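Here the protein sequences line up with chains G and U, keeping their order.
Per the UniProt record's numbering, residue 1 is the first one in the first sequence, and the count goes up by one each step.
Per the UniProt record's numbering, residue 1 is the first one in the second sequence, and the count goes up by one each step.
Note that these hints are calculated values from the structure, not bench results.
Values in this document were obtained by computation on a predicted structure and should not be read as measured data.
Don't take each hint at face value.
From the derived model, a few chain G residues whose C-beta atoms are all more than 12 Å from chain U [unchecked claim]: (1) Asn38; (2) Thr43; (3) Leu59; (4) Gln65; (5) Gln75; (6) Asn89; (7) Gly103; (8) Tyr110; (9) Arg113; (10) Arg119; (11) Ser126.
Below, a list of computed lysine to any residue pairs in the SDA-like style, where the Cα atoms sit at most 20 Å apart [as the list claims (entries may be wrong)]: (12) Lys528(U) <-> Phe107(G); (13) Lys582(U) <-> Ala568(U); (14) Lys201(U) <-> Ser141(U); (15) Lys582(U) <-> Arg119(G); (16) Lys271(U) <-> Thr48(G); (17) Lys305(U) <-> Arg113(G); (18) Lys26(G) <-> Arg631(U); (19) Lys305(U) <-> Asp17(G); (20) Lys305(U) <-> Ser67(G); (21) Lys305(U) <-> Phe30(G); (22) Lys130(G) <-> Arg631(U); (23) Lys198(U) <-> Lys256(U); (24) Lys528(U) <-> Arg631(U); (25) Lys305(U) <-> Gly50(G); (26) Lys582(U) <-> Phe107(G); (27) Lys26(G) <-> Glu335(U); (28) Lys333(U) <-> Phe382(U); (29) Lys371(U) <-> Glu335(U); (30) Lys26(G) <-> Asn524(U); (31) Lys26(G) <-> Ser330(U); (32) Lys305(U) <-> Thr48(G); (33) Lys114(G) <-> Ser587(U); (34) Lys26(G) <-> Trp304(U); (35) Lys582(U) <-> Arg113(G); (36) Lys528(U) <-> Asn27(G).
Simulated restraints, written as ranges between beta carbons of each label pair [as the list claims (entries may be wrong)]: (37) Arg113(G) <-> Glu346(U): 34 to 40 Å; (38) Asn89(G) <-> Pro426(U): 38 to 44 Å; (39) Gln240(U) <-> Asn102(G): 54 to 60 Å; (40) Thr78(G) <-> His452(U): 55 to 61 Å.
Glycine included, C-beta positions come from ideal geometry on N, C-alpha and C.
This is what each chain is made of:
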Amino acid sequence: MKSLSRSIEITVISAEDLSIHGRPIKNNAFVVVQTAPNATRSTSVDTTGGTYPSWNEMLELPLPQESQFVRVEVQCRTSSGAKAVGGVNVPVSDFAEGWIPNGYLTFLSYRLRKWNGERNGIINLSIRVKGKEIT
Amino acid sequence: MSLLNSNYCVNALVAAPSHIKVFSASSDCQVVVYEGKIREKPSSKEEARQFIKGSWLVVVGRTRGAEERRWERRRLPSHPGAGGGGGGAEGATEASEAVEFFYKSRGLYSLSTQLEFSLSASKLRDMDVLSKSDPMAVVYSKKGDGTLEELGRTEVVLNQLDPVWVGKIPVNYHFEIVQPLVFRVYDVDTKFHNVPVKALKLGEQDFLGEATCVLSEIITKQNKSLTLKLEAAGGQRSMQNRGSLTIRAEETVASKRVIEMGLRASHLENKDDPFLRISKTVESGGTIPVYKTEVAVNNLNPTWKPVRLTMQQFGSRETPLVLECFDFNSNGKHEIMGVLQKSVAELEMLQKGRTGANFQIPTSVRSSQMKTLKSQLFVDGFLETTQYTFLDYISSGFELNFMVAVDFTGSNGDPRSPMSLHYLDPSGHLNSYQKAILEVGEIIQFYDTDKHFPAWGFGGRLMNREVSHCFNLNGHPSDSEVEGVNGIMAAYSSALVNVALAGPTLFGQIIDRAAQIASQSVSNNQTKYFILLIITDGVITDLQETINAIVKASDLPLSILIIGVGNADFQQMEILDADNGKRLESSTGRVATRDIVQFVPMREVHSGQISVVQSLLEELPSQFLAYMRCRDIKPHFVN
């Protein structure tokens, strides 16, 4: 029987061309990454990049066997609380299956979508899977 | 002549616009932002060369009207000075210099690289009766028509059969062309020893031997050093031992040092949108701007994004740099907020001492008196690194592996008809497919040690009546590899007999197959980079399928070259070639990590004197470097 204990190192590099209600965001964007209902991490708030925030922050999260995707969501801190900017479900198969060699550092970029499906900017990530297959 | 007057325009194209706040600092500089393109009209040639900054850059030379823009852009960089007939020559040189500067300033390898040959020989023939030979070596480049052009001569070493020449011979290396070289060694007669080397008539000297090779054979060797046997004139083999010649190539790029530092200012006064401009002082007096930061909007204590300067930009550690802080003004009339002068070494001291340097400002417009301000500049981080070049990787064992895919769709026309793109002319005249394979293959083969190339076809009907979108050209059920460029040519000819043309045109499986090979190699080691050449006559049936495959492969050590043959409309291909700065997006929302596709239609080969293949290969070294650098893969130096 095979069991898998693995985790991911996800580096949230930067995002491009973010807006809220059609207006470019000013500052204070941050990113929430979720691999399972009980596994959520977030980056710090970007204070200088404005519409083109960059974080370059590495987050480590467990990646349960049953997880099919990693949820990545960009939010923006405002005086009235955090506002959703856009998100993406990163399929695990994009960085952990198929041709991708074990432990390979994949650089991935995704189109962000708002809750209503509208396009909103691009996010740049790198992901490396850690952990071994135990048989 | 200013760059503007000579009708050249530098277009900075920001593809991944992390520096979206691009602007122009000097008042006589104009910037137009249009559809993500920043068009800028520099006030002088110098300014144009220095200013260029952004994530991606395209330089467009407009010598002969808008219809040739595209061609010009691709052609100019590879051939400095190739004016292409009629008046454009001077301007072309200027533009290509500007491009060259840009690449150098960003530390990217592209275009030509300056190399220097050091020569030595051993066991030369002894021609003199009373003493030993007095040898001198001459280096030639062999032109397409077989004529030789002299590149340089060494000095004469007296009385020596194993000379080590000191004189260096400068050579320009171009990745995208085959550069045959001829070396000749002469024994210079004693009576000419007072004659300057350059004035020596070679016909009057004793010929000791010659050797030939192509430049890429030298630079792909470890230590970039190659030893050749000297032969009789014209390469005739003789029994006589004429000794050997060793050629060693070095890059002359002064240095690969790069400085990265974080700059911050405090207590800036009055104005509110500050940015920094860094200029280098030059020996002739005056300054050349080399860097501009982004604008910190509404911030009098700004921290700018890390500044990255190459040695070409900052000169030496002791060269004084002028750092000017301006208030950004959208009308281009930026106001000076403060000036200071520091060398790189002094900036590093600021960082170590965690002290600030005070800005100064001229007391009045005409006065040279300076008033010291309360506002200060701080250096928060300082990092000096080495940037490796393409040749560093290649000469330390990295390889380019070549793969080919040929279009077997019906639109090529019945191969038995002379009208067909696949027609094999019994007279030996090559069809477009053969030309493309040969031209790309003969360049890349030198970078591939085993010269085993996977070769596939797509869109053809096999013996078993099934249409395949990825079959082995050699007809082998599992092994797609053939030997050498000739092996590809032979497999192609045999496939035309065994495979019937069919359709539709799908690239997806070919790209997937290539990506699979590339990723298998990655899991073994990291020293291989793959190049897939797709030759096609036409329109892709499913563009999105192709885009999906490209996006999926965009993070692997792989570049895809597409050559379009025939007269179809290749507009779609331009989409794949993300030169316009739009990143490819798959149907699942994944965006290409980097641009890995180059497209060029074969018909352009007939419209200009420069091979279509060169423009296709030009960007390869920078795609290779982009991959290696983002992963921090370093060359394996021997020592």
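Hint check:
Listed as outside the interface, Asn38(G) is consistent with that label: its C-beta sits roughly 26 Å from the nearest C-beta of chain U, beyond the 12 Å cut-off. Residue-level check passed: Thr43(G) sits 16 Å from the nearest beta carbon of chain U, beyond 12 Å. Every beta carbon of chain U lies more than 12 Å from that of Leu59(G), the smallest distance being close to 19 Å; the non-interface claim holds. Every Cβ of chain U is farther than 12 Å from the Cβ of Gln65(G); the closest lies at roughly 22 Å, confirming the non-interface assignment.
Every CB of chain U is more than 12 Å from the CB of Gln75(G) (nearest about 18 Å), matching its label as outside the interface. Interface exclusion of Asn89(G) from chain U breaks down, the closest Cβ pair being 9 Å apart, not more than 12 Å. Here Gly103(G) does not stay apart from chain U, with its beta-carbon only about 9 Å from theirs, under the 12 Å limit. A beta-carbon of chain U comes within 12 Å of the beta-carbon of Tyr110(G); the shortest separation is about 6 Å.
Not every C-beta of chain U lies more than 12 Å from that of Arg113(G), the closest at about 7 Å, which undercuts listing it as non-interface. For Arg119(G), the shortest C-beta to C-beta distance to chain U comes to about 9 Å, within the 12 Å cut-off, and the non-interface label is violated. Here Ser126(G) does not stay apart from chain U, with its beta-carbon only about 9 Å from theirs, under the 12 Å limit. Annotation: proposed proximity of Lys528(U) to Phe107(G) holds, straight-line Cα distance about 18 Å (limit 20 Å).
Simply put, Lys582(U) and Ala568(U) have alpha-carbon atoms about 24 Å apart, too far for the 20 Å limit, and the pair is violated. For a cut-off of 20 Å, the pair hint linking Lys201(U) to Ser141(U) stands: about 19 Å separates their Cα positions. At most 20 Å may separate the alpha-carbon atoms for a hinted pair to count; Lys582(U) and Arg119(G) meet this at roughly 15 Å. A threshold of 20 Å between alpha carbons decides the hint, and for Lys271(U) with Thr48(G) the separation of about 19 Å falls inside it, so the pair holds.
For the hint linking Lys305(U) to Arg113(G), the alpha-carbon distance of about 28 Å lies beyond 20 Å, and the restraint is violated. For a cut-off of 20 Å, the pair hint linking Lys26(G) to Arg631(U) is broken: about 31 Å separates their Cα positions. For a cut-off of 20 Å, the pair hint linking Lys305(U) to Asp17(G) stands: about 17 Å separates their Cα positions. Among the hinted pairs, Lys305(U) with Ser67(G) is inconsistent with the structure: their alpha-carbon atoms are about 37 Å apart, more than 20 Å.
For the proposed pair Lys305(U) and Phe30(G), the alpha carbon gap of about 18 Å is at most 20 Å, so the pair holds. Proposed proximity of Lys130(G) and Arg631(U) is supported: the alpha carbons are some 17 Å apart, at most 20 Å. A C-alpha spacing of about 33 Å is found between Lys198(U) and Lys256(U), which places the hinted pair above 20 Å, so the restraint is violated. Distance check on the hinted pair: Lys528(U) and Arg631(U) sit about 14 Å apart at the alpha-carbon level, within 20 Å; holds.
For the given pair, Lys305(U) sits about 12 Å from Gly50(G) by alpha-carbon distance, which is consistent with the 20 Å threshold. With a C-alpha separation of about 18 Å, the suggested pairing of Lys582(U) with Phe107(G) holds against the 20 Å cut-off. With a C-alpha separation of about 24 Å, the suggested pair Lys26(G) and Glu335(U) falls outside the 20 Å cut-off, and the hint is violated. This hinted pair does not check out: Lys333(U) and Phe382(U) have alpha carbons roughly 31 Å apart, beyond 20 Å.
Restraint check for Lys371(U) and Glu335(U): satisfied, since their Cα atoms lie roughly 16 Å apart, inside the 20 Å limit. In summary, the hint linking Lys26(G) to Asn524(U) is not supported, as the alpha carbons are separated by about 45 Å, beyond the 20 Å threshold. At most 20 Å may separate the alpha-carbon atoms for a hinted pair to count; Lys26(G) and Ser330(U) meet this at roughly 19 Å. Under the criterion of a C-alpha separation no larger than 20 Å, the hint pairing Lys305(U) with Thr48(G) is consistent with the structure, at around 9 Å.
Distance check on the hinted pair: Lys114(G) and Ser587(U) sit about 17 Å apart at the alpha-carbon level, within 20 Å; holds. As the CA atoms of Lys26(G) and Trp304(U) are separated by approximately 16 Å, the hinted pair is consistent with the 20 Å bound. Only pairs whose Cα atoms come within 20 Å are accepted, and Lys582(U) paired with Arg113(G) is accepted, the gap being roughly 18 Å. Our distance criterion of 20 Å between C-alpha atoms is broken by Lys528(U) and Asn27(G), whose separation comes to about 41 Å.
As the Cβ distance of Arg113(G) to Glu346(U) is approximately 49 Å, the hint placing it in 34 to 40 Å is violated. Between Asn89(G) and Pro426(U) the beta carbons are some 58 Å apart, a value that contradicts the proposed interval 38 to 44 Å. Separation of Gln240(U) from Asn102(G) is about 58 Å and conforms to the stated range, judged on CB atoms against 54 to 60 Å. Range check, Thr78(G) to His452(U): about 59 Å between beta-carbon atoms, so the 55 to 61 Å window is met.
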